[in-house]
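Chemist: Top to bottom, those sequences are chains A and B. Numbering-wise (our numbering), the first sequence opens with residue 6 and increments by one. Numbering-wise (our numbering), the second sequence opens with residue 6 and increments by one.
Hints may contain errors.
Just so you know, same-sequence chains aren't split out, so a pair can sit in one copy or run between any two.
Claimed, not checked - Here are the computed lysine-lysine pairs in the DSSO-like style, where the Cα-Cα straight-line distance is at most 27 Å:
1. K470 <-> K23
2. K24 <-> K10
3. K178 <-> K464
4. K198 <-> K78
5. K152 <-> K401
6. K152 <-> K464
7. K288 <-> K396
8. K78 <-> K454
9. K178 <-> K288
Hints are computed from structural coordinates only; laboratory data are not their basis. Owing to the predicted nature of the structure, the values given are computational and were not obtained by experimental measurement.
2 protein chains.
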Amino acid sequence: MITRKLGATDIFTGDEIKKIHETTMDIMEENGIEIQSDKARKVFQKNGAIIKEKQVFIPREMVAEQIKLVPEKFTIHARNQQNNIVVGGQNTVLAPGYGAPFVMDYNNKRRRSNYEDYINFTKLSGHSKNIDIVGGVLVEPNDIEDKVRHAKMFEAAVKYADKCLMGSALGEKKARECIEMASIVFGGMDYIKEHPVLVTLINTNSPLQIDARMSEALMVYAEYKQPVVVASLSMTGTTAPATLAAALVQQNVEILAGIVLSQLINPGTPVIYGSASSVVDLKTGNLAIGTPETAKMFNGTAQIARFYNIPSRGGGSLTDSLFPDAQSGYQSMLNFMAAVRSGFNFILHAAGLLENYMTMSYEKFIIDDEICSLVTNFFQGLTVDEDHIAKDVILKVGSGGNFIAEEHTYNHMADLKEPIISTNQRYMSNNEQPDTASRANNYYQEVLKDYEPPELNEKIEKELKKYIQSLEK
Amino acid sequence: MITRKLGATDIFTGDEIKKIHETTMDIMEENGIEIQSDKARKVFQKNGAIIKEKQVFIPREMVAEQIKLVPEKFTIHARNQQNNIVVGGQNTVLAPGYGAPFVMDYNNKRRRSNYEDYINFTKLSGHSKNIDIVGGVLVEPNDIEDKVRHAKMFEAAVKYADKCLMGSALGEKKARECIEMASIVFGGMDYIKEHPVLVTLINTNSPLQIDARMSEALMVYAEYKQPVVVASLSMTGTTAPATLAAALVQQNVEILAGIVLSQLINPGTPVIYGSASSVVDLKTGNLAIGTPETAKMFNGTAQIARFYNIPSRGGGSLTDSLFPDAQSGYQSMLNFMAAVRSGFNFILHAAGLLENYMTMSYEKFIIDDEICSLVTNFFQGLTVDEDHIAKDVILKVGSGGNFIAEEHTYNHMADLKEPIISTNQRYMSNNEQPDTASRANNYYQEVLKDYEPPELNEKIEKELKKYIQSLEK
Chain A
6 MITRKLGATD
16 IFTGDEIKKI
26 HETTMDIMEE
36 NGIEIQSDKA
46 RKVFQKNGAI
56 IKEKQVFIPR
66 EMVAEQIKLV
76 PEKFTIHARN
86 QQNNIVVGGQ
96 NTVLAPGYGA
106 PFVMDYNNKR
116 RRSNYEDYIN
126 FTKLSGHSKN
136 IDIVGGVLVE
146 PNDIEDKVRH
156 AKMFEAAVKY
166 ADKCLMGSAL
176 GEKKARECIE
186 MASIVFGGMD
196 YIKEHPVLVT
206 LINTNSPLQI
216 DARMSEALMV
226 YAEYKQPVVV
236 ASLSMTGTTA
246 PATLAAALVQ
256 QNVEILAGIV
266 LSQLINPGTP
276 VIYGSASSVV
286 DLKTGNLAIG
296 TPETAKMFNG
306 TAQIARFYNI
316 PSRGGGSLTD
326 SLFPDAQSGY
336 QSMLNFMAAV
346 RSGFNFILHA
356 AGLLENYMTM
366 SYEKFIIDDE
376 ICSLVTNFFQ
386 GLTVDEDHIA
396 KDVILKVGSG
406 GNFIAEEHTY
416 NHMADLKEPI
426 ISTNQRYMSN
436 NEQPDTASRA
446 NNYYQEVLKD
456 YEPPELNEKI
466 EKELKKYIQS
476 LEK
Chain B
6 MITRKLGATD
16 IFTGDEIKKI
26 HETTMDIMEE
36 NGIEIQSDKA
46 RKVFQKNGAI
56 IKEKQVFIPR
66 EMVAEQIKLV
76 PEKFTIHARN
86 QQNNIVVGGQ
96 NTVLAPGYGA
106 PFVMDYNNKR
116 RRSNYEDYIN
126 FTKLSGHSKN
136 IDIVGGVLVE
146 PNDIEDKVRH
156 AKMFEAAVKY
166 ADKCLMGSAL
176 GEKKARECIE
186 MASIVFGGMD
196 YIKEHPVLVT
206 LINTNSPLQI
216 DARMSEALMV
226 YAEYKQPVVV
236 ASLSMTGTTA
246 PATLAAALVQ
256 QNVEILAGIV
266 LSQLINPGTP
276 VIYGSASSVV
286 DLKTGNLAIG
296 TPETAKMFNG
306 TAQIARFYNI
316 PSRGGGSLTD
326 SLFPDAQSGY
336 QSMLNFMAAV
346 RSGFNFILHA
356 AGLLENYMTM
366 SYEKFIIDDE
376 ICSLVTNFFQ
386 GLTVDEDHIA
396 KDVILKVGSG
406 GNFIAEEHTY
416 NHMADLKEPI
426 ISTNQRYMSN
436 NEQPDTASRA
446 NNYYQEVLKD
456 YEPPELNEKI
466 EKELKKYIQS
476 LEK
């Protein structure tokens, strides 16, 4: 978790953000949003929205009323209470890469990811001192059959780590099953209804749609007052207008519609205003995620969420590169720094992704994790007190002296180094230093070899196994 | 040149910065600063400073009075007036790597740099649309004899580019010779005295010294009202205290002492408050420049300069890595973004450096240059007007539509790509994409092959040659 001492980026003036808000409300009333779930549309209708076929027109007053109910800040509880996190305010919590169907490491070609990879990345996340959240589609376990995939992922997340958890959003049934599994881990439904323990990612379909599967999963999580990230992944020039301000307006309609639904179901349900929107290179049709346009979208998204006093999600260590090379380094740092600086409270994709959202890399995970440490340090700012300003020491050493033997130096000596990114050592002779990716490759293998999962209550483990077996039938 | 729409980072509260200021003034009066030039000490003495041997004690009133004379903003004139730059305000001007004694490219080992490298990097800087300044010790031409090295560098800077110029600070004689060469290029001393045309870099010796060579070069530049960057490169734990706030205080004494000297010589001389200070890894004694501590020093330095209303210099695309690999990418982006965001008006080392300040890399230059473009774009922020907010287009496309065929998309289509960092294309089949450094290697060779230097008046070229020949005798 990063706690920012430094301020967040405001990219818009007060007038600009009002204009974005008013245009959003106009579109909410004039075009509305297509909600593909009958159940969800009924909820909107019952509360005064106008429905024409699948289109839901939401009056601005209704939006204003509902988003006021969203908590500014909330705690997600982990099975190890020391790993609880607070979402909101100056905090930025970190989750690893999410949803990639491929995996690669330094020595292997890109291949389809499997359950072993899922477990490995859960262990690396468990080992990380930066990553706060595991579970969900950390990486796609392609070798697990669909009907139990969400459950097997949940099981691994609980077994190999004791951090906060994400759960499935793939329709009502799976959402409900995830909640039931969480109730096994956390000691019953009553506890869950009072404590956020499972956060899920609800994606809209741009432009201006939310599908049935997502709407209904959202409704389940809201029923149990579990946190939902409502996020848009719109792409300029294809599923969003080509200009960034317009893309922000359009995603604002989508995200707010989802948030309104959550509050209609259960007022005060914790939600996070989310975005993974980016620009498209129209020459190729590819996402161009390593661009400053993406970083500017982060700034805009986070400020709009602040305007509504809703915690926000976006960003990550994102790159278009296929390898953990220089391009990957520059782009990931640009996006990650911009994301934290934007004021996002929740960063998905904080470690491991290459090739926009397509591939999880073991080396990149290790590198990004270290970047999380550096950026955490950066946002802590500087301490200015007697001891740190050290007037006496400066006067004592004086002109032309040396500080190396001073007690003040000894007292403040710190190990600046983490092993991968932060090295300033010549490993061997000139030009023979192993490159960053190869150092990371050695490192992650050691971590996996040495990792000891946190203890899990035997009874819980058995019950969970039994529950999952019942789904397999 | 980057023009920031986004605000600068304030890392200190008002009280904190006052504390830093007052402690600086205490040290200025109690320890003073060792000025190793007799001439410079006399100037201080004549104006009311107290001198004891080489130590100069500067009363806080004198500091306050002199720094008020420094211009907040000034223009540096290039021989091509279209390349003039304004230093100050929301502007950040960019100069390439500076002072490296080594050079490397992708195919060669690190080796001592020579005059051919100097010319090559001048051409690459001339070609760049981001770099504003050439000349000075862009890279050390080790094969040129010392007594004309400054002159040959000046000649190459004028011959292969028409951008703003840096000049030598290696003592009074060479400083004067640089001014004389500038007067040949710019049409006489009278023009020069009215127009800043040559900026130089004056380094203090930490802790709390300025050597004779630097003091006297500074005095020559001030005599002709040419801009000087007064900069400290102190290293925590060795030549500065271990804590960052104290290191900032100590460098503040050094930098302000140099700035006071410049104003005593010639009130209103344009100066830039500079720093290349960083932290040391006390395990190895190496600079650890790719650390967040360095980036935080940038924040602090720039804010202190703003407190005095003096333009500031710091930062760059700095890394500890020996190669343009992932480490290099992450660290350079961290430092460069932090530097611009800090509000620095002048960034030396914006392109090319590896291994802290030791090695210029052809590939890194190309990569960093592209990063300059991306970061320039980022700091321009977003446009929010009718056209960019595009309400009609959003309403027209509606739920489930596609924006690709819209005229609005066509009108705003832009080529997002520059060739090296920004690619999102699979070059060949999976895993066969050439890495960033290898793409940059191909690219810089093409640039050098195709580069056509800007025209230079024949008479000026001849006169310059004659002048340099006279120095060789």
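Chemist: Take the hints in turn and mark each one as holding or not.
Modeler: Do the hints match the structure? See the list:
no.	hint	in the structure
1	K470 <-> K23	neither (51 Å within a copy, 62 Å between copies)
2	K24 <-> K10	between (30 Å within a copy, 19 Å between copies)
3	K178 <-> K464	within (25 Å within a copy, 84 Å between copies)
4	K198 <-> K78	within (17 Å within a copy, 60 Å between copies)
5	K152 <-> K401	neither (71 Å within a copy, 39 Å between copies)
6	K152 <-> K464	within (24 Å within a copy, 82 Å between copies)
7	K288 <-> K396	between (59 Å within a copy, 25 Å between copies)
8	K78 <-> K454	neither (38 Å within a copy, 58 Å between copies)
9	K178 <-> K288	neither (41 Å within a copy, 56 Å between copies)
In the structure shown, a violation is registered for the earlier hints numbered 1, 5, 8, 9, in ascending order.
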